[in-house]
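Given the sequences, and given the hints that come with them, work out the whole structure.
As given, the protein sequences belong to chains V and L, one line each in that order. The numbers in the numbering used here rise by one with no breaks, and the one at position 192 of the first sequence is 192. The numbers in the numbering used here rise by one with no breaks, and the one at position 280 of the second sequence is 280.
For the record, the hints were derived by calculation from the structure and aren't laboratory data. A portion of the hints provided could be inaccurate.
Said to hold, decoys possible - Keeping only pairs whose Cα atoms sit at most 30 Å apart, straight-line, the calculated DSS-like set for lysine-lysine is:
hint, chain 1, residue 1, chain 2, residue 2
1, L, Lys172, V, Lys105
2, V, Lys58, V, Lys105
3, L, Lys172, V, Lys322
4, L, Lys39, V, Lys26
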Amino acid sequence: MKFTKLLTSAAVALGLAAPVMAADTKVGFVYVGPVGDGGWTYEHDQGRKAVVEAFGDKVETVYVENVPEGPDAERVMTQMALQGADLIFTTSFGYMDPTLNVAAKFPNVKFEHATGYKRSDNVSTYSARFYEGRAVQGTIAGHMTKSNIVGYIGSYPIPEVVRGINSAFIHAKKVNPDVEFKIIWAFTWFDPAKEADAAKTLIDQGADVILQHTDSTAPQAVAAEAGNVVTFGQASDMSEYAPFPRVSSIIDDWAPYYVARTQAVMDGTWTSMDTWDGIGPGMVGIGEISDAVPADVKAEAMALKDALADGSYHAFTGPVNKQDGSAWLAEGETADDGTLAGMSFYVEGIDGSIPQ
Amino acid sequence: MLRLERRPSPSKVWSYITPLVAVVATMIAGGLLFYVLGKNPIEAIRTIFWDPLFGEFASYSRPQLLVKAGPLILIATGLALGFKAGIWNIGAEGQYIVGAICGAAVALAFYPMEAWFIFPLMIICGALGGMAWAMIPAFLKVRFGTNEILVSLMLVYVAEQLLAAMSLGLLKNPEGFGFPGSRNLQHYPSAFNAEVFAGTGMHWGVVAALIAVIMAYIMLGRHVLGFQIRLTGEAPRAAGFAGVNTARLVMICLGLSGALAGLAGMFEVAGPAGQVSIDFNVGYGFTAIIVAFLGRLNPLGILLAGLLMALTYIGGELAQLTLGLPSAAIQVFQGMLLFFLLAVDMLTNFRIRFGKKEAV
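Listed below in structure tokens is the structure:
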């Protein structure tokens, strides 16, 4: 063993073995869906590819897709750590406790958990302020609707989704006081059949704009068939449905974050932290607003986007009341991150209740 | 000319050999598939079948085999009893969910009290929950003659909605910042389904699976109920004449398989999974149907089939990780296994003859 080691180091010293040397840093990704889902997992895999592109041979990336949340995720993460991963991105909320468990067993491996709230010395969390994108979306939706009914396909009634509904509603209402939201909970992140059913139901109820917090393009297809219904891409650009019905989109761009965190591990400067970035740092992107949107509306939406990006405007700025009429934000007051992170109430004007 | 000739009676030898033939055929066809995908087929097969057992990190993956196979074996054993009698419980996934909800609900009701009786009570309630869910199709079948395949399958979707409602409402962790999902039972010692021997993967659910296999084996071979089950499956009319009470048998078979599925759910939620969450169920109830047939509805066969299935899951993950194989290719590979098994099954009942049929 020692002899071979000696030989290897000699070979390395002579520059003979250089081409077969393994990468210094190994980065693992655990995906909840298939990389070809065209939405959530697809965008995370784009981030992985950006890491490959940025560091070339210096970094090796590995991934496992379609990993169910729970014990299977824990096993996959453990296998990755055993095989020498230095940094592991776990890209679904349900991976939270498994990530913490595995991280405790491998103190030298760094973990990054998307959309969670539990951290430790070697577990960071990161998420995107999708609600900023929803504000832009709401503005366009408020202008585009003729029936004044906007349909919304919710996934699960968790704070992230509720936040998106509130943000979209506030901004739709701002430009169109008569607007009304109809919300259907699909209880799935990705199920084309259920999403299509939800879209059809909303259209039957008079909605001519559909916003979705689910990842498939099925609602886009339903809207295209209906002919006069506006949609927005979710998680990914979904530009195959542009310029109509898809008039814009919210894009998750994980690439800059993944590259930066990989760099930090290589430099030895990685520390556990909580990142919640929005349009400004580029984690949330607004897909091209198509020509189906009138120029003045487009200009208004872009101005809002810029204001959100440079921080001069917060998507939750008072006065805003809660659904029951009680005061939440006073004139000019902005929401704090703690309240936003755990948001479980609708703002005033939205009908219906959040499923409990 | 190649033709098939029915054997006078199913070949004993072939019924033992066919599973091996199927595995070898899967390796060959799978190897071809991996080769077409640009991977080294030998390496891929080795990664799937060899590395989890004897590879570099086998000390970790071997116990994981038990964790993955435990619920499959437990559920499949119960299903096999019904399948043998021609009673088709397709909804084990739903019974698994309800068992988990009931078991976890008991634990959460007592939280944070520490007491010795909590875990046994969870076991009882988990089994009862699964059984109660299976009794719905059983009762409807006996009383109104409904089809238990449809009713049990449809109840899976009802159970999934119930699971979502529980994760978002009644069983939601009050300290979870509004996110769905219950408290993690792994951090509640009285309710935690810990490993019986640390580092072996052998939690109480695996123990229960082994006990279920032995009990089912004895029951099918030695007990009058086992005789009735086999008779009803092979010759329903004869069973009627022999005084088998079909209604009672339906209740027993569905009830037992439901109880075992419920137990599997309860052990999973209290151990490896830890919490009730919207995506708690990952298809064990459906995969167990494959395991039951792969094991030829024989409890000992199911034990081996469950382990084999677990091996392809864990080996499949390793192949994704080390070779970059897509998960869809692994799923195709698993599908091939069942396909080849059913295909070569023919050899048990038929003989292949070459040449023309001779004139008599």
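Hints and how they fare:
1. With a CA separation close to 27 Å, the supplied pair Lys172(L) and Lys105(V) stays within the 30 Å bound.
2. Restraint check for Lys58(V) and Lys105(V): satisfied, since their Cα atoms lie roughly 26 Å apart, inside the 30 Å limit.
3. In summary, the hint linking Lys172(L) to Lys322(V) is supported, as the alpha carbons are separated by about 23 Å, within the 30 Å threshold.
4. Restraint check: the Cα-Cα separation between Lys39(L) and Lys26(V) comes to about 21 Å, which is no more than 30 Å; the hinted pair holds.
The structure fails none of the hints (numbered hints given earlier).
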